[in-house]
Amino acid sequence: MTEELLIKNAVVYDPINGVRGERKDICIRDGKIVASVRNPKVIDAGGRVVMPGGVDVHAHIAGGKVNSGRLMRPEDGRKGREPKTKVCRAQSGYSVPNTFTTGYRYAKMGYTFVMEPAMPPLLARHTHEELIDTPILDNAALPLIDNNWMTFDYVKSGDIDLLAAYIAWMIKATKGYGVKIVNPGGTEAWGWGKNCDLHDPVPTFDITPADIVKALALANEKFAMPHSIHVHTNMLGHPGNFETTLATLDLVKGIKSVKNRPVLHCTHTQFHSYGGTSWKDFESKANAIANYVNNNNHVSIDIGQIILGDTTTMTADGPMEYSLYQITGRKWTNCDVELETGSGITPFLYSGKVGVHTIQWTIGQELALLIKDPWKLALTTDHPNAGPFIGYPIVISTLMSKKRRDEIAKEVSPAIYDKSSLPSIDRELDFYEVAIITRGATAKILGLQEHGKGHLGLGADADIAIYDLSPEERDAGKIQRAFLNTKYTIKGGQVVVKDGEVVAAPAGKTFFVTPECDQKLMDEMLVNLKQKFENYYSVTYNNYAVQDVYLPHPYEIKAPMVA
Amino acid sequence: MAEVTDVVCSLCGCVCDDIVVEVENNAVTKVKRGACSVGKAKLLGHHRIKAPMMRVNGELKEISYDDAIKKAAEILAHARRPLLYGWSSTVCEADRVGVELAEYLGGVVDNTATVCHGPSVLAIQDVGLPSCTLGQIKNRADIIIYWGSNPTAAHANHMKRYSYISKGFWTAEGKKDKKMVVVDVRETKTSKMADVFVQVKPGGDYPVFSALRAILRGQAEIIPDEVGGVPKAKLLEVAEMMKKAKFGIIFFGMGVTHSRGRQNNIVNAIQLTRAAHLYGKWSIMPMRGHYNVTGFNQVCTWQTGFPYSVDFSRGYAWYNPGETSSTDLLARGEADAALIIASDPGAHFPGEALRHLAKIPTVMIDPFPNPTMEFADVVIPVAISGIECEGGVYRMDNVPLRLRKVIDTDYYIPDEKIVERIFDEVRAIKAKEGGV
Amino acid sequence: MEGIKAILISGRTMIQGQNLDSKLSEDFNEVAVVCELHVQDMASLGVAPGEPVKVTTAFGSVVVKAKQDEGNPVGMVFIPMGPWANALVSGNTHGAGMPSYKGIAATVEKTTGPVLSVKELMRTYMG
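Quick mapping for you: the protein sequence lines, in order, are chains A, B and C.
To convert, note that position 434 of the first sequence is 434 in our numbering; the numbers rise steadily by one, no gaps.
To convert, note that position 360 of the second sequence is 360 in our numbering; the numbers rise steadily by one, no gaps.
To convert, note that position 53 of the third sequence is 53 in our numbering; the numbers rise steadily by one, no gaps.
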């Protein structure tokens with residue numbers, strides 16, 4: 001874009017550059033932030049709250065299980081339908097919107113980058129095809145590399161170098177962004193209908209989930225990867241699982257990263273902060289988790305906050321989804337992926353009338369408010385597992401308003417007073433902290449701040465959200481409405497949303513990482529890998545990798561091998 | 001002469017991808033290995049439509065691509081309720097344009113699932129689908145059930161690559177470690193290979209599913225002496241086999257989707273899978289017919305929220321099979337124009353639907369002549385996907401693969417490009433005449 | 001001899017599959033225009049393999065060639081999926097979107113023909 005744009009009178013919250021509610025002008029040329037402009041179009045932000053475009057670290061928006069969710073739930077598709085316009089394709093869906101709707105709704109909330117967090121490698125082409133049909137947002141996807149038989153081989157033999165070669169191959173072959181871990185070992189056990197806790201040996205392969213997490217953390221740090229391993233720990237959703245979570249985080253404590261960032265990102269931590277021994281004595285252990293995060297610098301988390309209401313759960317944690325289906329008896333889809341991973345999908349209703357759901361609802365907020373350093377924290381709802389991303393404004397407004405939290409506490413189950421500490425927490429986040437947990441920290445956690453995302457310094461991408469809010473605003477209702485539909489969203493210097501309406505829908509870029517592995521290691525690993533294709537996969541080696549045609553707008557980040 | 005390996009078949013839902021062919025003088029001259037006889041027949045090529053045609057005084061006359069595209073666009077642009085049908089024997093790139101065109105026109109887009117595994121989709125929308133990729137079955141399955149499905153006829157490589165005869169990690173001995181059960185209304189070549197053949201009465205599948213579920217849930221005593229034509233002893237035998245499975249799989253086909261009960265049969269089959277899951281690991285999978293019928297459903301679902309039979313007349317997607325499905329739209333006389341691509345309703349639709357198709361202007365896009373051509377007013381031949389052009393497809397187990405281009409064509413145009421050009425012409429017509 | 005009552009099903013066969021893309025060919029005409037019957041049913045009808053039989057359902061009527069098949073039970077006839085089978089199938093999908101291709105009540109009788117080609121069969125829909 002040779003277009004020049006000037007945003008006047010913006011009250012800017014740009015935490016990566018330490019800008020905390022300063023009134024400034026923002027100059028844009030060729031889609032980047034520049035120091036000055038000569039003949040720009042002018043947008044007067046009128047003293048409104050302005051932030052860099054939102055960066056979401058974890059939302060299931062593109063791929064096999066997302067589409068299974070859509071197919072399975074026409075009743076969800078019938079919600080939120082909008083007819084096509086000159087700019088927009090027809091829209092549908094609430095917890096599993098169609099791909100166009102995903103792009104439009106995120107853009108209207110001021111988000112400009114979303115990470116698809118769980119891409120089954122054999123199905124990677126599917127994720128990329130859906131990302132092509134997701135407008136506006138820049139994006140990336142994390143391939144699942146923890147239940148793979150190649151990973152198991154090297155975890156067993158202790159060959160971290162060869163494991164590094166394998167993850168390098170896998171990330172390149174799937175045009176992925178990093179290493180995703182979901183219920184390590186457990187999803188392979190689910191291939192036989194079983195599961196694993198952290199120290200249980202995986203049937204046949206005889207390694208433990210703990211072995212897998214540690215080895216993958218070490219292998220990941222063999223390269224200057226922008227992102228740490230991204231971990232959905234074992235025993236998700238089970239009462240008492242907070243111990244597994246803490247033990248997992250402790251496993252990688254001594255490991256260092258050349259990138260000066262955490263070595264493990266613990267995702268949707270709300271689901272992993274449960275106390276009690278059964279649903280009867282279920283309680284929040286957010287305090288214990290927050291305490292650990294406060295006292296350790298090697299982990300980051302995203303909260304996975306519950307949105308009360310109907311949603312669709314979907315994860316690679318096949319056994320967990322099966323137990324959810326056993327509780328509710330609702331429809332349930334499962335798809336185990338040969339040699340690699342699995343997935344389960346089932347609808348779920350989080351009800352404020354139910355004690356357990358109410359406590360779950362408090363946990364994400366407890367984590368956000370008890371963790372002192374917001375740079376360790378990202379706001380998510382594990383879309384759509386804890387709730388649809390369209391609920392982010394609700395989460396923001398409750399984190400910013402004690403008054404709103406107290407109002408809701410009166411309407412939900414009284415268990416909130418016994419089993420959770422939320423009612424006793426007074427802290428309220430301000431706009432600066434909200435900007436951290438939705439763009440500053442999230443960009444840093446993903447290593448994207450070096451690539452123009454999450455901030456408005458010189459040279460950054462001109463991805464900007466102008467919210468119809470004065471910096472003094474404290475009313476939860478106004479805050480919620482403003483974060484749902486921006487006054488303006490600008491993407492790469494182009495106005496895409498104006499007054500809450502999508503006015504342009506350009507294609508986004510897909511970010512992917514190329515770990516640069518020593519060729520000798522790669523060749524040695526490939527001998528083993530090709531055997532797996534020859535004997536066990538149902539597709540050939542030469543037909544496996546994602547072809548370039550699936551990334552029409554690629555952005556490559558190279559990750560050299562470190563000594 | 002050149003050898004081309006890892007060729008991906010563009011015929012049935014097996015999407016075999018380890019085919020090796022020889023190419024000489026820009027033609028596939030030999031299929032060395034990997035393809036079944038049906039796939040081989042396609043690769044070696046046969047009679048195809050030579051040039052675009054238009055019907056003049058009842059006869060098809062050759063015209064240019066440009067004229068055919070213009071005429072096709074006129075038919076669609078002037079229709080009030082166009083039906084855009086087929087999409088299963090072409091690639092996802094073409095399907096994506098097709099869905100967008102249907103949305104633009106305010107028409108109905110539908111694929112062959114509407115007369116094939118549509119009921120399976122409806123069942124999934126009721127109860128979900130516990131399933132897996134085909135490699136899971138190759139590596140783990142010790143009990144394989146083909147229910148209302150005859151792979152030796154319709155998916156010839158299926159047992160060899162993925163199930164009964166294949167060898168994998170925990171199944172290194174192949175057939176020796178496995179048992180196969182075939183359930184059908186009549187003996188077939190497949191049933192003759194089975195360890196156990198269960199012959200049901202037509203329409204008897206539903207009560208047989210229910211009976212097996214009851215036995216698996218410990219209620220054998222309520223089963224009468226005969227259910228759906230099957231003696232009780234046989235039902236008990238099959239249930240025992242199912243209980244002993246470490247990994248069982250039910251493959252099902254038109255035998256259950258086409259017969260009395262339709263989607264209710266599939267719901268019951270899925271519930272049976274869940275009951276068996278109490279004993280061991282069980283999955284179930286529909287035997288999808290065309291090589292990319294699954295792909296269209298994937299594309300349609302992520303683009304519209306719904307898998308097939310999508311009606312855009314309201315400007316947004318409206319999904320109601322029975323109302324918005326192709327057979328119904330034609331039998332009710334509602335569609336006033338049709339685009340038929342990569343499919344053959346002439347051969348597969350009931351007579352009542354064809355009577356109406358005969359009355360409405362119809363555009364046909366296909367490499368090969370088929371009974372649908374008798375109804376077409378415009379015929380546009382295209383490049384053969386998987387031989388003359390590449391593109392994305394989804395196998396019956398939802399694994400995405402990419403067809404390869406094996407030979408060149410300097411005459412035939414790929415489906416995707418034809419649909420795009422028709423779309424451009426439609427836009428031009430609407431811009432000129434108004435009414436967008 | 002009188003006609004017999006039977007249940008009609010249609011489905012895939014290997015030869016029909018091999019000719020999926022050449023349904024106007026002679027091969028296809030040879031193999032898809034048949035009605036497979038149990039030997040006992042053929043005897044009741046007094047037809048030999050290859051002779052024409054008329055199959056009638058509530059929705060239509062078509063003439064095809066008789067073929068012997070040991071797999072069918074008595075009282076069941078099989079016509080490979082295709083235009084001849086579909087002449088007998090109702091357009092009513094009972095709200096499911098899916099026509100009834102299998103399990104249709106039919107009568108089968110010996111006849112003198114003619115057996116229509118695909119083109120001729122399609123023309124009967126032209127009105």
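Worth double-checking, as some hints may not be accurate.
Calculated lysine to aspartate or glutamate pairs in the EDC-like style (CA-CA distance at most 20 Å, straight line) [to be verified]:
#1 LYS234(B) <-> ASP195(B)
#2 LYS402(A) <-> ASP430(A)
#3 LYS405(B) <-> ASP126(B)
#4 LYS86(A) <-> GLU425(B)
#5 LYS84(A) <-> ASP126(B)
#6 LYS32(B) <-> GLU534(A)
#7 LYS259(A) <-> GLU243(A)
#8 LYS119(C) <-> GLU433(B)
#9 LYS86(A) <-> GLU390(B)
#10 LYS32(B) <-> GLU3(B)
#11 LYS84(A) <-> ASP195(B)
#12 LYS167(B) <-> GLU534(A)
#13 LYS79(A) <-> ASP126(B)
#14 LYS119(C) <-> ASP377(B)
#15 LYS67(C) <-> GLU30(C)
#16 LYS246(B) <-> ASP206(A)
#17 LYS532(A) <-> ASP18(B)
#18 LYS432(B) <-> GLU24(B)
#19 LYS172(A) <-> GLU428(A)
#20 LYS498(A) <-> ASP206(A)
#21 LYS30(B) <-> ASP18(B)
#22 LYS532(A) <-> GLU237(B)
#23 LYS530(A) <-> ASP6(B)
Just so you know, these hints were derived from the structure itself, not from any lab.
* Are there hints from earlier that the structure breaks, and if so, what are their numbers? -> Going through the list in order, the structure violates hints 3, 5, 7, 8, 9, 11, 18, 19, 20, 22 and respects the others.
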